[in-house]
Structure formats: C-alpha cells, structure tokens
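This is what each chain is made of:
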Amino acid sequence: MALKPAQKALGPIRRSFAPWLDPSAVPLIRFENVVKRFGDFTAVDDVSIDIHGREFFALLGPSGCGKTTLMRMLAGFEEPTSGRITLAGQDLVGVPPYRRPVNMMFQSYALFPHMSVEQNIAFGLKQDKLPKAEIEARVKEMLRLVKLEPFASRKPHQLSGGQRQRVALARSLAKRPKVLLLDEPLGALDKKLREETQFELMDLQMELGLTFLIVTHDQEEAMTVADRIAVMNHGKLVQVATPGEIYEQPSCRYVAGFIGDINLFEAEVAASAGGLVTLKSAEVGATFSAAGEAAPGASVALAVRPEKVRISIDPPPADAANVLKGEVWDIAYLGDWTVFLVKAENSEKIVRVSRANVMRSETQPVAWDDKVHVWFAPDAGVLLSS
Amino acid sequence: MTDASAPTPAGASPWGRRLVIAIPYLWLLVFFLAPFFIVLKISFSDTVIAQPPYTPLLDLAQGWQGIKDWWAGLDAENYGILFEDELYVASYVSSLRIATIATLLTLLIAYPMAYGMARAPKGWRPMLLMAVILPFWTSLLIRVYAWIGILSPEGLLNAFLLGTGIISEPLYIMNTETAVFIGIVYSYLPFMVLPLYASLEKLDDTLLEAAADLGSPPWKAFWQITVPLSLPGVIAGCFLVFIPAVGEFVIPDLLGGSETLMIGKTLYNEFFMNRDWPVSSAIAVLLLLVLVLPIAIYNNVQAREVGAKT
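Same order as they appear, the protein sequences are chains H and F. So for the first sequence, the working numbering puts the first residue at 1; every next one is plus one. So for the second sequence, the working numbering puts the first residue at 1; every next one is plus one.
Bear in mind the hints are in silico, worked out from the structure with no lab data behind them. All of these numbers come straight from a predicted model, not from anything done at the bench. All residues carry an ideal CB built from backbone N, CA and C; glycine is no exception. Be aware that a few hints might be false.
Unchecked claim - With a cut-off of at most 20 Å between alpha-carbon atoms, the simulated DMTMM-like pairs for lysine to aspartate or glutamate come out as follows: (1) Lys178(H) / Glu209(F); (2) Lys147(H) / Glu196(H); (3) Lys308(H) / Asp218(H); (4) Lys343(H) / Asp369(H); (5) Lys147(H) / Glu78(H); (6) Lys280(H) / Glu345(H); (7) Lys126(H) / Glu209(F); (8) Lys155(H) / Asp204(F); (9) Lys147(H) / Glu207(H); (10) Lys220(F) / Glu196(H).
As the list claims (entries may be wrong) - To give an idea of the interface, some chain F residues facing chain H are shown, with a C-beta separation under 10 Å as derived from the structure: (11) Gln65; (12) Ala72; (13) Asp75; (14) Glu77; (15) Gly80; (16) Leu207; (17) Ala221; (18) Leu229; (19) Leu231.
As the list claims (entries may be wrong) - Which bits of chain H does chain F cover? Going by a derived footprint, with three or more residues having C-beta under 8 Å, they are: (20) 186-197; (21) 331-344.
Please build the complete structure, drawing on both the sequences and the hints.
Given below as structure tokens:
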C-alpha cells in the first residue's frame, strides 16, 4: 500500500511543537550510550536518544531490531549492560519496575483475568494506597475516557478485542504516568479499528498532555501518530526525525527502503556545481541531475519516491530533466492510487511510478505494454551515500 | 454449507459418538453404581451367623413373594447404631479433623514445590515431573513400611539426630498422630503437586510484569495475581488429598497408635473383626454422603459461576 503524499512543509505536524529543535530545552527521557547484550547477542547497540516532555515518540523497526528491548529497559524489566537511562534527571538504572513513574500497555494487554474491568483499572491506584473515593473517581474518569462505562463490571474474557485494548489503555493511564509506553498496542486489531484507534491515541495524548513512547513495526502507524520517529535496525539507531523528514530526507538506503516505496538509481557523481549534481547511472544508462552536493567520482544512490515521478505516453516538455524511456510492465489499481511499474529501456531496472486518481475516470491514460516516458524534477530525488 | 443442520462433523455418525460416550458410563455403572447399590442394600440388612453373614437375602426363585419378603426385612436400624455409639461419631470427626490438617500441611509443602517446578527452566520440567511421579513405582504398602523404619525409636531419624547430638533422648513419633500426618502428607503429595503445577505452569509471566509495572512489588503480586489464578489447582489438589485421606486405612493402621481413631480403621474392624457386614456397610454409605455433599455443593456453585459468565 502506497503512502499518502507528504506535506510540502517538512516540519512537525504540530507546527508550534518542536522542543527537539530548541537547544536549551531539557529532555524528559535520555538514553545515553545504552547497550544491552543477551549472551553473545547485542540487542541494543550504543543507542542515545533524547525524548522531550509531551512528545509522541515512535521506535520503528523490523522485529528483532531492539526496539522492544529499549522500551523494556525504560520500564525496568531489563537492565542495560552499559549506559545510562534517565527520566526527569533521575537515573533509572537499578530502580525496580514497581517504583518507576512509567506505565506500559502490553502487546498482549496482560489484563488480569480474575478481575473485572473496574478492578483492572483500579489495580495500580490501589498499589499507591490512594483514598477509596479518589480511586473510584479516577476509575470512573478512565472508563469515560475510553468509553467503557457500561462494561465496568465485566471480566476481560467477556470483552471483544477492541474493548480489551481500551481496558489495557485505561489501566496504564490511570496512574497518570510521566511516560506511557505502548508496546505494539494496536497489533491485534483489524485494519479499520487500528486506524480509528491511532487517531484516538493522538487525541488522548494531546488532551492529557502526557509523553507517549510507542514501539511498532508498522511504518504507517508510526507516521500517523508520532511527532518524531526513531528508525532502528540490528540494535542500532539509524535515523531520528519527524515523519516528514524520514519520508522526504531519509538518511540512508535502509530508511529509504523501510519507509514507503522508493526508486533507487545507483550512480556515480560526474560533476557538482551550484547546488546541482550531475550523475551518471550505468544501471539505466542515463544522466541525472539532482539537487545537492557531492564529491565527483563518489558512488551514490539517487532516491526518488514513486509519486514524484511523472509518466506519459507523449514526450515530456522540452525543458524536463531526468527523462527515461520505458515500457509499462505492470499496473496496480488501488482506488485512490494507481501504481505503474515501468521497465526502463535497455536495462533490467523497474521504475515505480504512482499517480493519485484525482479524476473519476474508468480508463487509465496509460495501459499495459504502452511505450512511455517517465521523468522527475532535479529536486525530487535525494542523494544517499550510505 | 450444504447441510447446516447436522451438528456432527462430516463422516462421523451420531451412533459412533454415542458409543464413545457410553463406554465410560457403562464402566461407572458396572464397577461403581452396581457395587454401591449392593453395599446400600447390605447396610439395611441385619447380621446373622451364616454365609453370607446378613439377612434377608433376595430370593428371586420365590417370585413376587420373594421380593416382598426381602423388602419387608430391610430396615435402617444400623444407621441408628452409628449415631448411638460414640465410637462411630468420634471416628468420623477424628477422620475429618486429621484429613483437614493433613490436607493443609500437604498444600503448604506442595505449593512451593509446584511453584519452583513451574518456574524452573523449560528443559528441567519433565525431569522434575518425573521425580514427583517416581514414588508411584513402588507399592504404597512398602513405602509406608519404610516410614516405620525411619520413624521408630531405633529408626533412621532418631539414629541421625542422636548421632549428631541434636537431641539426647529418642523422639517417639511412631504410633502417634504425627506419624499419621507424616504418612498422609508423604503419600498424597503428588496428588497436590500435579494439579497445582498444571495451574501455575499456565500462568502468563506478562501478568506479573503488568502488576510490577503498576506498582506491585513481587511479594504482593504473588498474592494478588499468582495465588488467585492458581486457585482452581488448589481446590482440585485439596479434593484429591482430602477425600482419600478421610477414608485412609493403611497409614493410620501401620503408623498410628491405638488412640488414633479413623473411620477407615473402624470400618475395617467392623468388617473383618466383628464380621458385622451391615454396620460396616452403613459406615461406608454414611462416609460417602459426608464426602459427596460438600463436593456437590461446590460443583453447583462452580456451575452457577460458569453459567453467570456466559
């Protein structure tokens, strides 16, 4: 499924909220050179991240990349092999999980099966020995927040998957933690409900003014909910940036390939002048010009998102740069988008082009096996050196 | 969906299913219900010096008159004896008391064992289970005799304690109630450990993590999460130990003294020493009632709880 097109502005979605750009802002959570080894296996390899108060932060990566281990270290279920984790200036290493001001929503929800919805939500509050009236009030408030008032006295096995997810959320929010940890919170929901819940999570986070840290392998989910995303691979941090930056300015081939679809043209820098680089790509036998700077002779990849590539049967305007000829190999009609796979002339390269179906028409202007031109502007691509 | 009305899977005939269900019922009918009715019948009879030692006997050769005569000869006199003679009441009360205490002791020892087994590395668990079941490979009688060798004044335990200087006088455990407790706890421990292990092993570790995350230290989480979720295992284990322990005969006979009163021993004496089959049958029937009633009530409560859930 292709991603929605990115906004022209690459800043945060909440434009006024970008504490990570402010050098004087003090982060709430700091991972400092955190390493975690299980025997010979290094799950988290020298990770340093600053997460600010009221941020919705996503750890994104494939399974086994260390994102869950990183979160479990913040919750206190694992201790780092080396490095420091601080929360509001307090060093967390050695603090047991039941004394940490963070709460977690588990992937499996981990609801207590012998307790009712109410008792589950009240569990954390009872541990703090709050007065009975306050516990009751807080439970009521949580039930209202997740819209589960009619189900207060039900047991978890009498609820649907979506309702259980809400109980788990309410239970982890009831203690008003400084940080809410969400471990693949929507993994068990179907697609429609998942999307709905993503927006609810964002509203909830804004309404409560809490810091949310979400672990997910679903890039769309991370892009939807997060202010900033940390992409991880093999225990290492690859890039930390806003969703827009991650999508439009990936730092390397890995991030470019992991988030959304992308065309990568392997090329060599022929010349670089005035913010414009000339590239020779042996792969497709063409010369590209791209915005940026690079040392002549360097091997780079020119990364271009499919929606930034244009396609037509007629020749492009005379001043168009980066033109390739090809033949339509495959067409995927997705309703909102149509994806064309174009085989470039005299090469094996398949160029991916996507077009938003802004007009309601039954016939596509381009059909199977048509000879077409594809082209993109010099500022459409990103130069990747690693 | 060609035939939505058929509840059985394709190919399985309802008769096949009924046959499979009938086998255990038939077994219970022949080997449990029929003997029970024979015992019930004898309990309403009177004792005589004859072979068999009770009357009336059902004589079907006499036809309808034979059945009528037999029915007229039955009475509940033996049950009256059970309540008149203090020995029987005291035996029942003492049996229930000893079985209750022994069950609680077994639970106290079995719970940490089962907990340790359930928390042990996965590879060890089959071996630990084997170790729990291993004693069954030796006859119960031999194992109880072995305890005589351990507990008697000149036995292994005293030899060890005297030898190491922990005590200066031998302990007299044999032929006391303590010996009976030791015997029952030892013999029935596997019946408590296995259901406890089964319920503890199913416990999801993330529930304990969730409890810790919400501010509950490990010792509190044990009482709040682990214990309530292992309750079905506790109840099953207690039934499995308590019920046979009430009627236990071998252990009090071999390890207990003359003052240890248990209904199994009383029943044995009535049957083999006094040859009073009707009274011993009445003892057995009353014991069954004493044990079945609480189980029936418990089952009823359980069923209602399950009914409320669905």
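Hints, one by one, checked against the model:
1. With a C-alpha separation of about 18 Å, the suggested pairing of Lys178(H) with Glu209(F) holds against the 20 Å cut-off.
2. For the hint pairing Lys147(H) with Glu196(H), the CA-to-CA distance comes to about 14 Å; that is within 20 Å, so the pair holds.
3. Among the hinted pairs, Lys308(H) with Asp218(H) is inconsistent with the structure: their alpha-carbon atoms are about 23 Å apart, more than 20 Å.
4. Distance restraint check for Lys343(H) and Asp369(H): the Cα-Cα separation of roughly 10 Å lies within the 20 Å cut-off, and the hinted pair is therefore satisfied.
5. Restraint check for Lys147(H) and Glu78(H): the C-alpha separation of about 33 Å exceeds 20 Å, so the hint is violated.
6. Restraint check for Lys280(H) and Glu345(H): the C-alpha separation of about 16 Å stays at or below 20 Å, so the hint holds.
7. Between Lys126(H) and Glu209(F) the alpha-carbon distance is near 17 Å, which keeps this suggested pair within the 20 Å criterion.
8. Pair hint Lys155(H) plus Asp204(F) holds up; C-alpha atoms about 17 Å apart against a cutoff of 20 Å.
9. Proximity of Lys147(H) to Glu207(H) is assessed by CA-CA distance (about 15 Å); at most 20 Å being required, the pair is judged to hold.
10. Among the hinted pairs, Lys220(F) with Glu196(H) is inconsistent with the structure: their alpha-carbon atoms are about 37 Å apart, more than 20 Å.
11. Checking Gln65(F) against chain H: minimum C-beta separation of about 62 Å lies over 10 Å; hint violated.
12. The interface hint given for Ala72(F) is violated, since its Cβ lies 57 Å from the closest Cβ of chain H, which is over the 10 Å cut-off.
13. Taking 10 Å as the C-beta contact cut-off toward chain H, the hint placing Asp75(F) at the interface is violated, the least distance being around 51 Å.
14. Checking Glu77(F) against chain H by beta carbon gives a least distance of about 50 Å; that is not within 10 Å, so the hint is violated.
15. Hint on Gly80(F) is violated. Least Cβ distance to chain H is approximately 47 Å, over the 10 Å limit.
16. Given hint, Leu207(F) at the interface with chain H, holds; its Cβ is 5 Å from that chain's nearest Cβ, closer than 10 Å.
17. For Ala221(F), the shortest C-beta to C-beta distance to chain H is roughly 8 Å, which falls under 10 Å, so the interface hint holds.
18. Hint status for Leu229(F) relative to chain H: holds, with the closest Cβ pair at about 6 Å, below 10 Å.
19. Interface hint at Leu231(F): satisfied, since its Cβ lies 8 Å from the closest Cβ of chain H, which is below the 10 Å cut-off.
20. Only residues whose beta carbon comes within less than 8 Å of a beta carbon in chain F count, and the segment 186-197 of chain H has 0; fewer than three means the coverage is violated.
21. Counting residues of the segment 331-344 of chain H whose CB falls under 8 Å from any CB of chain F gives 0; the rule of at least 3 is not met.
The structure does not agree with the numbered hints 3, 5, 10, 11, 12, 13, 14, 15, 20 and 21 stated previously, though it agrees with the rest.
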